[in-house]
Amino acid sequence: GAGVSQSPSNKVTEKGKDVELRCDPISGHTALYWYRQSLGQGLEFLIYFQGNSAPDKSGLPSDRFSAERTGGSVSTLTIQRTQQEDSAVYLCASSSSGRAGMNEQFFGPGTRLTVL
Amino acid sequence: GDSVTQMEGPVTLSEEACLTINCTYTATGYPSLFWYVQYPGEGLQLLLKATKADDKGSNKGFEATYRKETTSFHLEKGSVQVSDSAVYFCALSGSGGGADGLTFGKGTHLIIQP
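Taken in sequence, the protein lines are chains A and B. Each residue of the first sequence is one higher than the last, beginning at 1 in our numbering. Each residue of the second sequence is one higher than the last, beginning at 1001 in our numbering.
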C-alpha cells in the first residue's frame, strides 16, 4: 500500500515569503507528526495531531509556524515570513494510534526547504 | 526535558567488523526506545524498538537492549556489511505515558568499507 507522501519534495523561497508544506498520511492512521531535520539541530519534533486536533504544539519554534489537519487525513504545515534559519528538511510521519511508544511511526520522504 | 545522546561519527569500519553505537538517554518515567535508520537517498525507517526495561529489540542482525540501570540502548551487530552504511538515530517516546513525538539523538553516520 501507499506510504506517507509529502509535497513538494523541494521548495526554494525568498526570505519573508510564506510557504505551505503538505503531508498525506497512510490511510487509516489517526496520528500524524511533523519533524524538522537540520544540520545544526538534528531531528526536532514540531507538532502532533490525533485526528484533527493537535494536543501537543510544544515543538513549534515560533508563532510563524502553524499546522492544521482536516478530515483526519491531510495535514498542512505553514511557515509565515520565512527566515533563512527555517531552511531544513521537514518530515511528516503517521502511526495507527497516538501512543508513540506503542506504534511505529512511518516517515515520509520529506520536503527540503531552502530560504534564500 | 527528555534527551538522547549518541556518538555522532562518522564511524568507519571494514566489512565483517563488529559494531557498537552507543546511546544514552535522560527521561522521566518509562519511555520506549527506538533505533531508526536512514539509508542514502531514502526516508527514515524503524530498525528496532524496546518498550520496557530489559527488553531486547532485534532486526536485520542488529540488536539493542533497554538498560534502565545505565539509561542506555546501545546498538550492536556482530558482522556489518557494506549495505549497512547509513545514518542511525536513537530515539525515545514521551515518558509521560501520553501521546507525543519522538525525541531523537543527532544521528551516527556509519560507513562500511569493503
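Each hint should be verified, as a subset may be incorrect.
Example chain B residues on the side facing chain A (calculated, C-beta under 8 Å, incomplete) [to be verified]:
1) 1039
2) 1043
3) 1044
4) 1045
5) 1046
6) 1086
7) 1104
8) 1107
No lab work stands behind these hints: they were computed from the structure. Being a predicted model, the structure only gives us computed values, none of them experimental. The C-beta atom is built at its ideal place from N, Cα and C for all residues, glycine as well.
Okay, the hints, checked on the actual structure:
Against a cut-off of 8 Å between C-beta atoms, the interface hint on residue 1039(B) is violated, since the closest Cβ of chain A lies about 12 Å away. At its closest, the beta carbon of residue 1043(B) sits 5 Å from a beta carbon of chain A; the interface hint therefore holds under the 8 Å criterion. The interface hint given for residue 1044(B) is met, as the beta carbon of that residue sits about 4 Å from the closest beta carbon of chain A, less than 8 Å. With a cut of 8 Å, the hint placing residue 1045(B) at the interface with chain A holds, because the nearest CB-to-CB distance is about 7 Å.
Of the supplied interface hints, the one on residue 1046(B) holds, with its beta-carbon coming within about 5 Å of a beta-carbon of chain A, less than 8 Å. Hint status for residue 1086(B): violated, given a least beta-carbon distance of 14 Å to chain A, over 8 Å. Using the Cβ-Cβ criterion of 8 Å, the hint placing residue 1104(B) at the interface with chain A is satisfied: the shortest such distance is roughly 4 Å. Look at residue 1107(B): its Cβ gets to within about 6 Å of chain A, closer than 8 Å, so that hint holds up.
The structure fails to meet hints 1 and 6 from the earlier list, while all remaining hints are met.
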